[in-house]
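J.: Sequence:
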Amino acid sequence: MADSSSITFLLALGVAFIVLRWLMTSESRTGAANASSGEGAQRRRPVQDLPVRQRDYRRPVDNSMIEVVQTIAPNLSVEQIRYDLERTGSVETTVERYLAQGDLPTPPNTQPRPRSETPTSNKPKKTGSLAARYNITEKDDEEFSEKHATPEKPKWSQSKEERQNQLRKQQQEMILRARQKFKQKDQESS
Numbered sequence: 001m002a003d004s005s006s007i008t009f010l011l012a013l014g015v016a017f018i019v020l021r022w023l024m025t026s027e028s029r030t031g032a033a034n035a036s037s038g039e040g041a042q043r044r045r046p047v048q049d050l051p052v053r054q055r056d057y058r059r060p061v062d063n064s065m066i067e068v069v070q071t072i073a074p075n076l077s078v079e080q081i082r083y084d085l086e087r088t089g090s091v092e093t094t095v096e097r098y099l100a101q102g103d104l105p106t107p108p109n110t111q112p113r114p115r116s117e118t119p120t121s122n123k124p125k126k127t128g129s130l131a132a133r134y135n136i137t138e139k140d141d142e143e144f145s146e147k148h149a150t151p152e153k154p155k156w157s158q159s160k161e162e163r164q165n166q167l168r169k170q171q172q173e174m175i176l177r178a179r180q181k182f183k184q185k186d187q188e189s190s
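Residues in the sequence shown are numbered consecutively from 1, following UniProt numbering.
Just so you know, the hints here were simulated from the structure itself, not pulled from any lab data.
One thing to keep in mind: the hints can contain errors.
Here are the in silico distance ranges between beta carbons for each label pair [said to hold, decoys possible]:
| hint | residue 1 | residue 2 | range |
| --- | --- | --- | --- |
| 1 | I72 | M24 | 30 to 36 Å |
| 2 | E188 | Q166 | 29 to 35 Å |
| 3 | A100 | S64 | 20 to 26 Å |
| 4 | R163 | P108 | 54 to 60 Å |
| 5 | S64 | D186 | 48 to 54 Å |
| 6 | K153 | D103 | 51 to 57 Å |
| 7 | T71 | S157 | 35 to 41 Å |
| 8 | N135 | E96 | 43 to 49 Å |
| 9 | V68 | Q158 | 38 to 44 Å |
| 10 | L13 | D103 | 53 to 59 Å |
The beta-carbon is built from N, C-alpha and C at its ideal position, and this holds for glycine as well.
Could you build all of it, start to finish, from the sequences and the hints given here?
T.: Here it is in structure tokens:
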């Protein structure tokens, strides 16, 4: 009896394998048929060359697609990205084209921007010295040198404001220590 159950199991396993294999090959055949009928060719041809019927099948370009490309290529304008996404219909293809060519074509009805005006990042640039940014004065510098030879270890506080004040104080002390070391090295080299 054990032999009949193992034979049944092997037979069921074989049937499952054949069914799965048939399903896999039928999906690849339909994919190949779709590619030859126009879907695969649609990716390679510009939108202007496509019949109106095939243009409707393209996924519309939305802001999330533009943001993905802009994250990878911050020096490109939104118009360039939108134009290429409308042509390709794919974020991956647009990114690959940018990485291969280093730039994307500009839309025909817009003027290209000069490179110097193109922002390299969306974050505002911080200017000024660390002393100005952290409100450190010369008086603080002198008091620190008299008071602290070694940094003191802060204690944990339950209050958020107190922890922020401690962190700010640690940052100031770290900057002041770095300034002192720099001054010492500068005096030694002179």
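J.: Between N135 and E96, does the beta-carbon spacing fit 43 to 49 Å?
T.: At 48 Å between Cβs, range holds.
J.: Tell me if the beta carbons of S64 and D186 are separated by a distance inside 48 to 54 Å.
T.: Between S64 and D186, where Cβ atoms are some 51 Å apart, the hint holds.
J.: May I ask you to test the hint 51 to 57 Å on the CB atoms belonging to K153 and D103?
T.: 53 Å, holds
J.: Range hint 35 to 41 Å: satisfied by the CB atoms of T71 and S157?
T.: The hinted range 35 to 41 Å holds for T71 and S157, with Cβ atoms some 38 Å apart.
J.: Range hint 20 to 26 Å: satisfied by the CB atoms of A100 and S64?
T.: 23 Å, holds
J.: Lying within 38 to 44 Å: is that true of the beta-carbon distance V68 to Q158?
T.: 42 Å, holds
J.: Within 53 to 59 Å or not, the Cβ separation of L13 and D103?
T.: 55 Å, holds
J.: Does the hinted range 30 to 36 Å hold for I72 and M24 at CB?
T.: With a Cβ separation near 34 Å, I72 and M24 satisfy 30 to 36 Å, so the hint holds.
J.: Can the suggested window of 29 to 35 Å be confirmed for the beta-carbon pair E188 and Q166?
T.: Once the Cβ atoms are compared, 33 Å apart, the range 29 to 35 Å for Q166 and E188 holds.
J.: Given the hint of 54 to 60 Å, check if R163 and P108 actually sit that far apart at their C-beta atoms.
T.: Hint holds: Cβ distance 57 Å, inside 54 to 60 Å.
The structure agrees with every numbered hint stated previously.
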